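Novice: Taken in order, these protein sequences are the chains called A and B.
For what it's worth, our numbering labels the leading residue of the first sequence as 44, then goes sequentially.
For what it's worth, our numbering labels the leading residue of the second sequence as 25, then goes sequentially.
By construction, these hints were calculated from the structure, which means they are not laboratory data.
Take these hints with a grain of salt, some might be off.
As the list claims (entries may be wrong) - Straight line, CA to CA, 27 Å or less: simulated BS3-like cross-link-like pairs of lysine-lysine:
| hint | chain 1 | residue 1 | chain 2 | residue 2 |
| --- | --- | --- | --- | --- |
| 1 | A | K172 | A | K136 |
| 2 | A | K172 | A | K141 |
| 3 | B | K103 | B | K48 |
| 4 | A | K89 | B | K48 |
| 5 | A | K173 | B | K48 |
| 6 | A | K172 | B | K48 |
| 7 | B | K103 | A | K89 |
| 8 | A | K141 | A | K173 |
| 9 | A | K173 | A | K136 |
Stated by the list, open to error - From chain B, some residues computed to sit far from chain A (all C-beta separations above 12 Å):
| hint | residue |
| --- | --- |
| 10 | E28 |
| 11 | E60 |
| 12 | G93 |
Predicted model only: the values in this text are computed from it and were never measured.
Ideal placement from N, C-alpha and C gives every residue a C-beta, glycine not left out.
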Amino acid sequence: MSTDSPDAGEADADATAGTPDLATLQSRIEDLEESVADVESADDTKQMTIIATQGTLDMAYPPLILASTAAAFGWDVVVFHTFWGLDVLHEDKAENLKLSAVGNPSMPMPNALAALPGMDSLATRMMQKKIDDNGTASIQELIDLSLDQGVDLQACQMTMELMDYDEDDLMDGVTTDVGAATALEHMADSDIQLLV
Amino acid sequence: MATEIDVTTTLDVQGQNCPIPVVKTKQAADDLGEGEVLEVLSTDSGSMSDIAGWAESTDGVELLAQEEGEDVYSHYVRKTE
Numbered sequence: 044m045s046t047d048s049p050d051a052g053e054a055d056a057d058a059t060a061g062t063p064d065l066a067t068l069q070s071r072i073e074d075l076e077e078s079v080a081d082v083e084s085a086d087d088t089k090q091m092t093i094i095a096t097q098g099t100l101d102m103a104y105p106p107l108i109l110a111s112t113a114a115a116f117g118w119d120v121v122v123f124h125t126f127w128g129l130d131v132l133h134e135d136k137a138e139n140l141k142l143s144a145v146g147n148p149s150m151p152m153p154n155a156l157a158a159l160p161g162m163d164s165l166a167t168r169m170m171q172k173k174i175d176d177n178g179t180a181s182i183q184e185l186i187d188l189s190l191d192q193g194v195d196l197q198a199c200q201m202t203m204e205l206m207d208y209d210e211d212d213l214m215d216g217v218t219t220d221v222g223a224a225t226a227l228e229h230m231a232d233s234d235i236q237l238l239v
Numbered sequence: 025m026a027t028e029i030d031v032t033t034t035l036d037v038q039g040q041n042c043p044i045p046v047v048k049t050k051q052a053a054d055d056l057g058e059g060e061v062l063e064v065l066s067t068d069s070g071s072m073s074d075i076a077g078w079a080e081s082t083d084g085v086e087l088l089a090q091e092e093g094e095d096v097y098s099h100y101v102r103k104t105e
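Working from the sequences, and respecting the hints, build out all of it.
Specialist: Written out as structure tokens, the structure reads:
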């Protein structure tokens, strides 16, 4: 066929032109070795970002337990506190986080009863007693352990203004003047991202 | 056995629960010199899995042994670097 010979000829020419000389190969190997060295020396520290949105006594725990434990593993940890999560970092409110008796199916009482005045306080007192009896760390203890280990506890600026909180209302060591963009940046860099 | 391990320092976290045993173990391990051994005494049954997992994924420490006593779980961690 008339098309066969030119094709074969072209392939031969490509093969010859595509064979790099020794110097080119050596240079390519050097480039590859550099790339491999970069990958091998890359910082493999794990990163975790938690968005903490809840301010009830029970829901304040999971982010801080995970954060303090991850820090013990040597991970870089950011906890971005927004909405009610901000109360966990509030000097006065953090000591008085409450448990909601209503809408909690695990509460040993019907909703109609749970809605009565004083029931949240009762439920909170019961929970606090269990925490104390069980040797479970306090929220303040977990915050201190987290900060000691370099966990970055951040307070959402927008929520601070919404709630009318001042920087002085928050605990020492908390990062302020941060927003959604900062949170997203950390989330994008993280191996683990959690919304609590 | 524990009797054969030369313990440098002991961390007593008895009565404290997750995550305190692991977090305090890490902090105590930071203060160890190379070759020194930390003994951790805990009443938290979860500490068996937690401290083993922590030691596994942490550079520079080696879990020598874990023992389950009647009420106390003992862990022995050596600093390797």
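Novice: All hints are to be evaluated individually against the structure, with a verdict given for each.
Specialist: Results for each hint:
With a C-alpha separation of about 19 Å, the suggested pair K172/A and K136/A falls inside the 27 Å cut-off, and the hint holds. The straight-line distance between the Cα atoms of K172/A and K141/A is roughly 13 Å, inside the 27 Å bound, and the hint therefore holds. For the proposed pair K103/B and K48/B, the alpha carbon gap of about 15 Å is at most 27 Å, so the pair holds. Using a Cα cut-off of 27 Å, the hinted pair K89/A and K48/B holds, with the two alpha carbons roughly 20 Å apart.
At most 27 Å may separate the alpha-carbon atoms for a hinted pair to count; K173/A and K48/B meet this at roughly 22 Å. Proximity of K172/A to K48/B is assessed by CA-CA distance (about 23 Å); at most 27 Å being required, the pair is judged to hold. Restraint check for K103/B and K89/A: satisfied, since their Cα atoms lie roughly 21 Å apart, inside the 27 Å limit. The straight-line distance between the Cα atoms of K141/A and K173/A is roughly 14 Å, inside the 27 Å bound, and the hint therefore holds.
For the proposed pair K173/A and K136/A, the alpha carbon gap of about 20 Å is at most 27 Å, so the pair holds. No beta-carbon of chain A comes within 12 Å of the beta-carbon of E28/B; the shortest separation is about 28 Å. Every C-beta of chain A lies more than 12 Å from that of E60/B, the closest at about 18 Å, which supports listing it as non-interface. With 12 Å as the threshold on Cβ separation, the claim that G93/B sits away from chain A holds: the shortest Cβ distance comes to roughly 17 Å.
When each numbered hint is compared with the structure, no violation occurs for any of them.
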